[in-house]
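Assemble the whole structure, with the sequences as input and the hints as a guide.
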Amino acid sequence: TGLAVEALVFELWDLAPALRAATYEAPLYRGENALHIAIVKKAGERVVRALVESKEGPELLTQRADGEFFTAADQSGGTCHRLGEYPLAFAACASQPATFDLLVECKADLRARTSVGGHNLLHLMVLNAFRGDVDVAEG
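Reading the sequence shown from the start, the letters are residues 88 to 226 in this note's numbering.
Certain hints may be false.
[What the hints assert, rightly or not] Here are the simulated DSSO-like pairs of lysine-lysine, each with C-alpha atoms no more than 30 Å apart in a straight line:
hint, residue 1, residue 2
1, Lys-194, Lys-142
2, Lys-142, Lys-129
3, Lys-129, Lys-194
4, Lys-128, Lys-142
5, Lys-194, Lys-128
FYI, nobody ran anything at the bench for these hints, they're computed from the structure.
Below is the structure:
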């Protein structure tokens with residue numbers, strides 16, 4: 088449940104602070120960090136706020152998830168290659184307006200573009216709107 092995930096995050100917060108800024112390095116999920124995961128898993132505003140307001144926040148906001156899962160349709164069942172690589176785009180494409188607003192408030196880059204196709208937020212939102220009623224956060 089959401090409360091259990093939140094409790095676990097805050098328990099690990101002090102026990103393993105290095106996890107806050109850790110990113111996947113393997114090719115499939117390269118670049119994905121705790122903020123990306125919190126958004127996709129709908130961890131909630133308290134978790135997202137704690138991440139972006141931490142000393143690691145600026146780095147988390149600008150980290151690009153550009154692994155194969157996020158850039159190639161055949162690796163994610165045709166859904167995650169349209170998430171946009173950056174946490175702000177993940178929030179927009181996963182229909183999480185409160186998280187989107189919080190990330191903008193914390194200076195997320197509204198002009199960021201994807202490494203494949205050069206898509207901006209508007210491109211990604213249009214692409215997601217025309218692919219059907221699939222919730223990208225649920226996959």
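Here is how each hint holds up against the structure:
1. Lys-194 with Lys-142: At roughly 14 Å apart (the allowed maximum being 30 Å), Lys-142 and Lys-194 satisfy the hint.
2. Lys-142 with Lys-129: holds (22 Å)
3. Lys-129 with Lys-194: Judged against 30 Å, a Cα distance of about 20 Å means the pair holds.
4. Lys-128 with Lys-142: holds (22 Å)
5. Lys-194 with Lys-128: Distance ~22 Å between Lys-194 and Lys-128 Cα, so the pair holds.
Of the numbered hints stated above, none is contradicted by the structure.
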